[in-house]
Amino acid sequence: MITKEQVEHIGWLARVNIDEEDAFEFASELSTVLDYFGQLDGVDTSDVKPTYHVADVMNVFREDEPTGSLEQDSILANAEEIQDGYIRTPKII
Amino acid sequence: MVYENPDGVMIGLEIHVQLNKLATKLFCGCSTDYHTSEPNTHVCPVCMGLPGCLPVLNKRAVEYAIRIGLALNCEIVEQTQFHRKNYYYPDLPKGFQTTQYDYPIVSDGRVVIEGEDGEHVVRIRRAHMEEDPGRLMHMGSIDRSRGTLIDYNRSGMALIEIVSEPDMRSPREARRFLDKLRNILEYLDVFDSTLEGSMRVDANISIGGGDRTEVKNISSHKGAERALLYEIMRQKNIKRRGEEVVMETRHFDEARGVTISMRTKEEEHDYRYFPEPDLVPMRVGSWVDGILETLPELPDARRSRFISDYGMVDTHAKALTSVIRVADFYEEVASQVDPAAAAVWVSDVLKGELNYRDLTIASFTVEDMVKIIELVVSGKITEKGAVEIIRSILDEGGSPMDIVKEKGLLKVEGDVVDQAVEEVLKENPEALEDYFAGKEKSLNFLVGQVMKKTRGRADARSVREMMLEEIDKNYR
Chain W
1 MITKEQVEHI
11 GWLARVNIDE
21 EDAFEFASEL
31 STVLDYFGQL
41 DGVDTSDVKP
51 TYHVADVMNV
61 FREDEPTGSL
71 EQDSILANAE
81 EIQDGYIRTP
91 KII
Chain V
94 MVYENPDGVM
104 IGLEIHVQLN
114 KLATKLFCGC
124 STDYHTSEPN
134 THVCPVCMGL
144 PGCLPVLNKR
154 AVEYAIRIGL
164 ALNCEIVEQT
174 QFHRKNYYYP
184 DLPKGFQTTQ
194 YDYPIVSDGR
204 VVIEGEDGEH
214 VVRIRRAHME
224 EDPGRLMHMG
234 SIDRSRGTLI
244 DYNRSGMALI
254 EIVSEPDMRS
264 PREARRFLDK
274 LRNILEYLDV
284 FDSTLEGSMR
294 VDANISIGGG
304 DRTEVKNISS
314 HKGAERALLY
324 EIMRQKNIKR
334 RGEEVVMETR
344 HFDEARGVTI
354 SMRTKEEEHD
364 YRYFPEPDLV
374 PMRVGSWVDG
384 ILETLPELPD
394 ARRSRFISDY
404 GMVDTHAKAL
414 TSVIRVADFY
424 EEVASQVDPA
434 AAAVWVSDVL
444 KGELNYRDLT
454 IASFTVEDMV
464 KIIELVVSGK
474 ITEKGAVEII
484 RSILDEGGSP
494 MDIVKEKGLL
504 KVEGDVVDQA
514 VEEVLKENPE
524 ALEDYFAGKE
534 KSLNFLVGQV
544 MKKTRGRADA
554 RSVREMMLEE
564 IDKNYR
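So the protein lines, in turn, are chains W and V.
First residue of the first sequence: 1, per my numbering; consecutive thereafter.
First residue of the second sequence: 94, per my numbering; consecutive thereafter.
Quick caveat, the hints were computed from the structure, so don't treat them as lab data.
Note that the structure is a prediction, hence the values are computed from the model and not measured.
Even for Gly, the Cβ is constructed at its ideal location relative to N, Cα and C.
Do not take every clue at face value.
FRET-style restraints, in silico, Cβ to Cβ [as the list claims (entries may be wrong)]:
(1) W:D47 <-> V:D210: 51 to 59 Å
(2) V:K332 <-> W:E65: 52 to 60 Å
(3) W:P90 <-> V:E289: 23 to 31 Å
(4) W:M1 <-> V:G378: 42 to 50 Å
(5) V:G303 <-> W:Y52: 34 to 42 Å
(6) V:S456 <-> W:M58: 42 to 50 Å
(7) V:G378 <-> W:K4: 44 to 52 Å
(8) V:N330 <-> W:E25: 44 to 52 Å
Sequences are here, hints too, so could you generate the full structure?
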């Protein structure tokens with residue numbers, strides 16, 4: 001069972017504000033989701049090879065050759081605040 | 094002698110090494126050559142985690158990681174993959190860092206350092222690949238910041254995070270480990286330590302079996318030693334008051350030389366690691382033999398070779414091989430002059446003068462060193478004169494021959510010295526009498542007078558001999 005405190009903690013990790021009422025609702029909904037995974041846990045997989053990736057592909061690499069970057073203007077275009085070519089945010093520690 | 098470690102100090106280090114010798118970042122083709130560029134000019138959709146972008150792994154970065162693992166005597170993993178480490182912080186605009194989790198590319202290695210009581214083994218727990226976050230600049234000091242500026246040029250650079258076991262027993266051992274590690278990495282030609290932020294250190298430290306603290310934001314090897322000395326003092330004071338050290342992360346304030354509590358507690362599972370779906374697993378075990386073959390000579394091997402090839406003593410071999418550029422410098426000099434003389438002049442004299450001025454070997458040329466050694470060996474200048482030339486080049490510049498002429502350093506011989514000896518003996522009858530009365534020291538005084546007259550350009554030992562001869566001949 002997911003508690004309201006756990007929901008608030010998850011919200012904090014993602015920097016999303018969750019109000020009191022929603023927290024209760026999400027707690028019950030997330031508990032249902034977890035229950036489904038609980039069912040999966042019950043399946044015996046001792047004979048199954050682990051899946052590392054859904055695509056059955058390995059060793060995809062690129063050579064160490066520069067292919068260019070975006071213009072500074074494009075990088076800064078989505079920023080709320082900019083200063084001297086930097087993205088500016090409120091104080092963060 | 095066995096080091097007792099009176100305070101029960103245990104230090105483990107986590108070192109982030111930027112593979113800045115690569116031409117491109119870890120997962121995209123952005124150039125790594127950003128150090129003198131405007132902020133946010135070496136950034137692409139992959140660096141920013143824009144929707145629809147696809148990271149592709151830099152093959153050479155994997156080869157470098159394996160090269161490092163082999164040099165640190167590690168096991169190389171057969172198959173591995175990347176994970177997402179989720180955290181919400183603006184140094185990575187994607188909301189997660191692409192890193193390795195349960196299968197680091199290399200693990201279980203060891204490095205031998207000069208410990209408090211001789212050779213000391215520091216075990217390497219693991220080293221894994223990950224991307225560097227962007228650079229945050231706090232406006233004002235970290236605890237009184239007014240805002241933050243972000244540059245994503247660094248974001249996505251290939252890093253190797255090397256994690257040691259807590260095997261270091263003093264801040265000095267920690268520093269020696271860092272020096273040795275940097276030297277090995279430079280021999281491997283995977284990074285340039287002179288670039289800003291190329292090697293960043295977090296240190297875990299505990300005393301007397303208590304809880305450990307983690308010190309972050311250490312930017313130099315000297316800084317690591319200072320931060321750890323401060324932490325030992327702080328933890329001892331806490332214990333002296335009968336309190337317990339709290340497990341926490343602390344920030345090293347280099348300017349003030351203190352560590353400050355960060356008061357955050359993100360537990361490991363908060364990162365919600367899961368396999369990165371945009372990158373496929375890799376199987377690299379078969380690369381190891383090929384990479385092993387191309388591994389360059391490492392510091393310890395070069396040190397042994399210097400002893401056997403050039404017949405130098407171990408202290409010289411160690412001093413000359415502890416920085417690759419010094420070792421290269423020495424071998425170039427040694428190929429042109431007597432290697433034994435070169436060992437003394439480079440390791441004892443030149444290195445000393447460079448250290449004193451906080452300069453590196455880049456401040457001196459092979460050509461000048463060769464010239465100076467030739468002048469000494471052929472007897473044209475005195476050893477004292479040679480030191481003077483080295484100092485002069487470092488302080489004011491110029492070429493050895495110009496300095497020799499300008500300062501009149503050519504050794505004076507024969508008649509001039511003869512004459513000086515005669516004059517000194519005539520001018521100092523009291524000293525001569527003292528000498529006859531058994532005062533050996535007055536001979537030194539007389540030799541000194543000759544050196545003064547010849548402005549240090551005579552060879553003191555031969556002046557002494559000439560002086561004794563002259564006394565025997567004309568004063569007995």
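Let me make sure I understand: some of the numbered hints might not hold for this structure. Which ones are they, in numerical order? Failing hints: none at all.
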